[in-house]
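Participant: Sequence:
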Amino acid sequence: MIFLASDHAGYDLKLALAEKLKSVTSSLEVLGCHSKASCDYPDFASELTEHLLKSPESLGVLICGSGVGMSIAANKIRGVRAAHASDPLTAELARQHNHANVLCLGARFLSADQAWACLQAFLNAKPDEDPRHLRRVSKISELEGRG
1278 MIFLASDHAG YDLKLALAEK LKSVTSSLEV LGCHSKASCD YPDFASELTE HLLKSPESLG
1338 VLICGSGVGM SIAANKIRGV RAAHASDPLT AELARQHNHA NVLCLGARFL SADQAWACLQ
1398 AFLNAKPDED PRHLRRVSKI SELEGRG
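1424 is the number that the numbering used here gives the last residue of the sequence shown; the numbers go up by one with no jumps.
Hints are computed from structural coordinates only; laboratory data are not their basis. There may be inaccurate statements among the hints.
Ranges between beta-carbon positions, derived for each pair [claimed, not checked]: (1) 1405 x 1312: 35 to 41 Å; (2) 1317 x 1409: 37 to 43 Å; (3) 1333 x 1419: 15 to 21 Å.
No more than 25 Å apart at the CA atoms, straight line, and that leaves these computed lysine to any residue pairs for SDA-like [to be verified]: (4) 1331 x 1352; (5) 1297 x 1345; (6) 1331 x 1404; (7) 1331 x 1374; (8) 1331 x 1311.
All C-beta atoms in this analysis are idealised placements derived from N, C-alpha and C, irrespective of residue type, glycine included.
Model the full structure from these sequences, guided by the hints.
Facilitator: Here it is, written out as structure tokens:
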């Protein structure tokens, strides 16, 4: 399952990506927000991560104005590895090397085509099981318990 959510700044890009995703998968759930009315991005990062953690094989896409706020909010949740990307290679490597399960995109900095390229790279990449990447991801998980 792919979960897709945004705040008001990412609303139009979310709709554009949802249309493209519907043409390639039936495993899509589009979450809030549901309009361009001003709202708070942490609410939708929370909504998406709640769904994601109930379905560990799923992936998420969060969109706000810069992609940074969503990334910060999502990464507060244990088990979430959210990566901000503004180019396909970064999106691909986030999934491969860092085992990211959430892609964060900035609607103010990416066209729909650029965002789609990032999303395709993220979805097509598989986590690399090389011991060095597994070791590093494990160390990231250990950090989640710190206060």
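Participant: For every hint, state whether the structure bears it out.
Facilitator: Evaluation of the provided hints:
In this structure, residue 1405 and residue 1312 meet the distance hint of 35 to 41 Å, their C-beta atoms being roughly 39 Å apart. Hint check: residue 1317 to residue 1409, Cβ distance near 38 Å, so the stated range 37 to 43 Å holds. Checked against the hint of 15 to 21 Å, the C-beta distance between residue 1333 and residue 1419 comes to roughly 18 Å, which is consistent with it. Among the hinted pairs, residue 1331 with residue 1352 is consistent with the structure: their alpha-carbon atoms are about 16 Å apart, no more than 25 Å.
Distance hint between residue 1297 and residue 1345 is fulfilled; the C-alpha atoms sit about 23 Å from each other, no more than 25 Å. The hinted pair formed by residue 1331 and residue 1404 meets the criterion: a straight-line CA distance of about 20 Å does not exceed 25 Å. Proximity of residue 1331 to residue 1374 is assessed by CA-CA distance (about 23 Å); at most 25 Å being required, the pair is judged to hold. With a CA separation close to 22 Å, the supplied pair residue 1331 and residue 1311 stays within the 25 Å bound.
Violated hints for the displayed structure: none, as all numbered hints are satisfied.
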